[in-house]
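Peer 1: Listed below, chain by chain, are the residues.
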Amino acid sequence: MIGDLKKKPEVRRYLLRIVVAMVIYLGSLYGAEVLIEDGGLSGWPAYLLTALPGVAFASVFWIFARLIIEERDEFLRLLYVRQVMVATGLTLTAAAVWGFFETYLPVPHIAAFWWPTLWFFGIGVGAIYNKITMGTAGECR
Amino acid sequence: MPVKNRLRVLRAEREWSQNDLAERLDVSRQSVNAIETGKYDPSLPLAFRIADVFGLTIEEIFLRN
Numbered sequence: 001m002i003g004d005l006k007k008k009p010e011v012r013r014y015l016l017r018i019v020v021a022m023v024i025y026l027g028s029l030y031g032a033e034v035l036i037e038d039g040g041l042s043g044w045p046a047y048l049l050t051a052l053p054g055v056a057f058a059s060v061f062w063i064f065a066r067l068i069i070e071e072r073d074e075f076l077r078l079l080y081v082r083q084v085m086v087a088t089g090l091t092l093t094a095a096a097v098w099g100f101f102e103t104y105l106p107v108p109h110i111a112a113f114w115w116p117t118l119w120f121f122g123i124g125v126g127a128i129y130n131k132i133t134m135g136t137a138g139e140c141r
Numbered sequence: 001m002p003v004k005n006r007l008r009v010l011r012a013e014r015e016w017s018q019n020d021l022a023e024r025l026d027v028s029r030q031s032v033n034a035i036e037t038g039k040y041d042p043s044l045p046l047a048f049r050i051a052d053v054f055g056l057t058i059e060e061i062f063l064r065n
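Going down the list, the protein sequences come from chains A and B. Numbered by the working numbering, the letters in the first sequence go through residues 1 to 141 in order. Numbered by the working numbering, the letters in the second sequence go through residues 1 to 65 in order.
You may find that some hints are simply not true.
Claimed, not checked - As a list, the in silico DSSO-like pairs of lysine-lysine whose alpha-carbon atoms are at most 30 Å apart:
hint, chain 1, residue 1, chain 2, residue 2
1, A, 131, B, 39
2, B, 39, A, 8
3, A, 131, A, 8
4, B, 39, B, 4
5, B, 4, A, 131
Said to hold, decoys possible - A few chain B residues that face chain A, going by a derived Cβ cut-off under 8 Å, partial list only:
hint, residue
6, 5
7, 17
8, 28
9, 30
10, 37
11, 38
12, 39
13, 40
14, 44
15, 46
16, 65
Keep in mind the hints are simulated off the structure, nothing from the lab. Even glycine gets a Cβ: it sits at the ideal position worked out from N, Cα and C.
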């Protein structure tokens, strides 16, 4: 059945978009390392290049939103939405708690780009939550 | 208000697997299972589709708890 679902056009589009976003993410990250860190690129091109990995990261949220919109199976759509809510709640709570920790306690600083990474981890937690409460983890990958 | 349904019985009468019914409804097998086990109540459009597949009315499939 999962094999069948992978052939669904909305899932195929989702997977293709994820691949493109990851290629742009890794490519721009590599470019920033080589051109800015090693090559000393500065000024607005450096700002533009530095923003690219983050924008590619952000595109994953758009990709997930498109999956929710394009999914024709209403139950799977519900599972996706629940996963996003778990991931978002987990991430924002962790960011808020750690922000106060950093303000009042001698804890190490966490770079902001780790928060969206935690969101992706939260998607996995959301799948486990769905499995426990709804009997299936859905089809999110 | 939770809703009961006779999906499992109706499916068994026709000797359909969950996959068979899912294909007829153009939904995932997980959806059929979730509806059968009462974990998920279908939308009205899907309830109408289920009724059409079984050739029954919605009230003959979905019951007040």
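Peer 1: Compare the structure with each hint and give your call.
Peer 2: So, going through the hints one by one against the coordinates:
Restraint check for residue 131 of chain A and residue 39 of chain B: the C-alpha separation of about 12 Å stays at or below 30 Å, so the hint holds. Straight-line distance between C-alpha atoms of residue 39 of chain B and residue 8 of chain A comes to about 24 Å, which keeps the hinted pair within the 30 Å bound. Restraint check: the Cα-Cα separation between residue 131 of chain A and residue 8 of chain A comes to about 22 Å, which is no more than 30 Å; the hinted pair holds. Straight-line distance between C-alpha atoms of residue 39 of chain B and residue 4 of chain B comes to about 10 Å, which keeps the hinted pair within the 30 Å bound.
Simply put, residue 4 of chain B and residue 131 of chain A have alpha-carbon atoms about 22 Å apart, close enough for the 30 Å limit, and the pair holds. Residue-level restraint check for residue 5 of chain B is violated (minimum Cβ-Cβ distance to chain A is 14 Å; threshold 8 Å). A least Cβ separation of about 11 Å between residue 17 of chain B and chain A goes past the 8 Å threshold, and the interface hint is therefore violated. A hinted interface residue such as residue 28 of chain B counts as satisfied when its beta carbon comes closer than 8 Å to some beta carbon of chain A; here the least separation is about 5 Å, so the hint holds.
Restraint check, residue 30 of chain B versus chain A: the minimum CB separation of about 4 Å is within 8 Å; hint holds. The closest approach between the C-beta of residue 37 of chain B and any C-beta of chain A is roughly 7 Å, which is under the 8 Å cut-off, so the hint is satisfied. At a threshold of 8 Å, the smallest CB-CB gap from residue 38 of chain B to chain A is about 11 Å, leaving the interface hint violated. For residue 39 of chain B, the shortest C-beta to C-beta distance to chain A is roughly 5 Å, which falls under 8 Å, so the interface hint holds.
Given hint, residue 40 of chain B at the interface with chain A, holds; its Cβ is 5 Å from that chain's nearest Cβ, closer than 8 Å. Taking 8 Å as the C-beta cut-off, the interface hint given for residue 44 of chain B is violated, the closest approach to chain A being about 11 Å. A distance limit of 8 Å between C-beta atoms decides the matter here; for residue 46 of chain B the minimum to chain A is near 6 Å, and the interface restraint holds. Restraint check, residue 65 of chain B versus chain A: the minimum CB separation of about 19 Å is more than 8 Å; hint violated.
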